[in-house]
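Since chain A is already given, all that's left is putting chains B and C on it; use the hints.
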Amino acid sequence: MSTATQEARLPRGVGRLTRGWTIFILAMVAISALGWIAYIREFTQGMTVTGMRNVGTMGGATWGLYITFVVYFVGVSFAGITIAAVIRLFKLDHLRPLARMAEVLTVVSLILGAIAIVADLGQPLRGMINLFRYARPQSPFFGTFTLVISGYLFASLVYLWLTSRRDAAVLAQRPSRLRWIHKIVAAGYTDTPAERERHSKTTFWLAISILPMLVVAHSTLGFVFGLQVGRPGWYSALQAPAFVVLAGVSGTGVLIVLAAIVRKMMVRDVGLNLQVFAWLGRFLMLLLFVYVYFMVTELLTSTYAGSERELQVTREMLWGEYSWIFWSAVIMLVIPLLGLTIQAIRRSWSIPWLVVSGIAVNLGAIGKRYLIAVPSQTHGQLLPYVDGSYTPTWVEFAVVASLLAFGALVIGVFMKVLPIVELEETGHA
Amino acid sequence: MRKRLTIGMIVVGIALMAISYFVLSAPWGVESVANSNPRMQFAPLVFVVGVMMTFGSALVYEMLPDRFDRD
Amino acid sequence: MAKYAMAVDLDRCQGCRACMEACKIENNTVQSVFWMYVFRLESGEYPDTKMSFLPRPCQHCDNAPCVKVCPVGARYKRQDGLVLTDFERCIGCRYCELACPYGVNYFNWTKPERRQYLDFDDPGIAAVTGGVLPPYQNPDLAVKHGEEQRLTAGGGHFKGVMEKCTFCVHRVEKGLQPACVATCPVGALVFGDVEDESGEVARMLRDRAHFRLLEEAGTRPSVMYFGGAPPTGDSKEIETVKARV
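Going down the list, the sequences are from chains A, B and C.
Each residue of the first sequence is one higher than the one before, starting from 1 at the first, in the working numbering.
Each residue of the second sequence is one higher than the one before, starting from 1 at the first, in the working numbering.
Each residue of the third sequence is one higher than the one before, starting from 1 at the first, in the working numbering.
Pulled out of the complex, with its shape left as it was, chain A reads as follows (with noise of 0.2 Å):
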């Protein structure tokens, strides 16, 4: 009785444990665990061992790693919803095989972020608590917990579940160790014309609702910052559309990545071919200009009239403490801006050079993330304070580290439990 003749029948590689892949899942566990370890000394003896300290007095920066990487995992939750309503919306079937990878993505992402925001509390436990108990509504954290924790993951996971069942029910007709998995996320799909209709209607309407929490999600998110009239540098209506611009960027730009490493595990022609890949570049590209005149907006106009204030956050950004990460993040978001359009114009994509643009400007956007949130409290204090400074330590980085790990782990084993590929429609692989 061979189980593994038996699971290398199951497409997608799914119940197939390759060694390649139990290497990198042993990787990513090992680089979970060491995050762990730094989050409870964290926790323990408190966020003295991070880099942040005090505004003010102090000369630090009170949100840092952390807050960046909160911001850049609810980015990359940007995906998965605006895939799915296009292919529903806009009939795009030739984009089908992303759709559930994108999913995925977008649930990976958002509890990524919701860890890290815990990460970063003084009192975490009572912080969960607390938050469900008091939230408040004029807080901006209010739509960041409610909709965007509570409703916008919620109802991916709902999403998500849907339009897995009629491949979980296909893979549970096969006899494998994972058939309980498969019964369970089919949950009685029969594939009957009634079930399909209902699937279509369904699948519809949640993501026509689901899209209108994307655009809350991200500007709420943006509002946190932009709403500060404290805070040079933060105060600005332009936050929240660019939060959601960024997010698109960086959601796209995983997506690319992601669908490259798929194409290149799955053994057959899964209809990840260069016409997918050459809609995302187009779609990359158009977000990278809206971002990049967001950018030369947002410079112009503290250039020209901001404040004294604003204008030292400015200057330290572009050839000061913080130059080095901005033009680097301009160079990773510029760049494959030029290499998309060329491939545009000239109709001729490349994946690794799409991939190679996905990884660049995701860089960017965390090198942006981090530029909002930190340079606006060490040199943006309205009142005389000497400038400060902050570098995070190793406690933050593998706290950090180990949320990518964890998300790249989560991903992993999703692979060898259900397709990450939608089955065509006949139902056989």
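Interface residues of chain A toward chain B, partial, derived using beta-carbon atoms under 10 Å:
1. 134
2. 138
3. 145
4. 147
5. 150
6. 159
7. 165
8. 194
9. 203
What the simulated footprint calls covered on chain C by chain A, stretch by stretch (three residues with Cβ under 8 Å from a Cβ of chain A suffice, anywhere in the stretch; the number is not a length):
10. 34-42
11. 65-72
12. 87-96
13. 203-217
14. 235-243
No lab work stands behind these hints, which were simulated from the structure alone.
Backbone N, C-alpha and C define an ideal beta-carbon position, used for all residues, glycine too.
The following block gives chains B and C in isolation, referenced to the frame of chain A:
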């Protein structure tokens, strides 16, 4: 039955959201910006439950067994 | 109901920072936390420099951005004008610290025991206090205050929560003046009910011109500055505190 249950869940979900937000949490009036307590503790939890109910109706609509269709 | 405000006479302030010391002793704040802070500022270029001093308590704003952003309502404004932090409810998100334009908030990054003004658990404490036992740990700080009955006074209760100047709520409720006001050797700090026509604060408001810090931020602070001038763009801080833990 399926349709009624789904619509019922959506309506109850939205009602919970509206009530917990406007009646129980959101500040009214001029002095409201400093308001620091919800009118009922755990009102935000009710809000979250309302959101989950609204989206959970999709699960009900799709996954309710067929025998409930007759009703 | 009283409405408390503080008047700071910049013509009198000499930058001695006794108010900072008194605040630390009264409120048992931890190392490098300065609820009351006095800027020593220098403006201009040598040899045409001018020095000025600017005491900066919490401004207890009427439109406090810290109150607006607190996600759980731990930072709240009382009817008598004080803006206080309920350290039992605070979850340590530090959003109030970022919303405040004045930089008066302090987060407890670590367990406070070893960084207290006096290490109350240190067996050698008697030598420091000159034999006075028990060492001065203010008992008022662990008591609930106000009609809301919230734990709000005093610093360094435990790691992971925010704190800031309370206008010495535990003293005010007993009819005393805040520690900084009571200690100032030149009477530069005046505290009282701004609605009491016969009170000193109201009198100063009537008789003299005053300004508030960062009025353009729309925070409506309750601390008024008389004499002197607001810090300008070229005011630089000198003689900063050694304030990084």
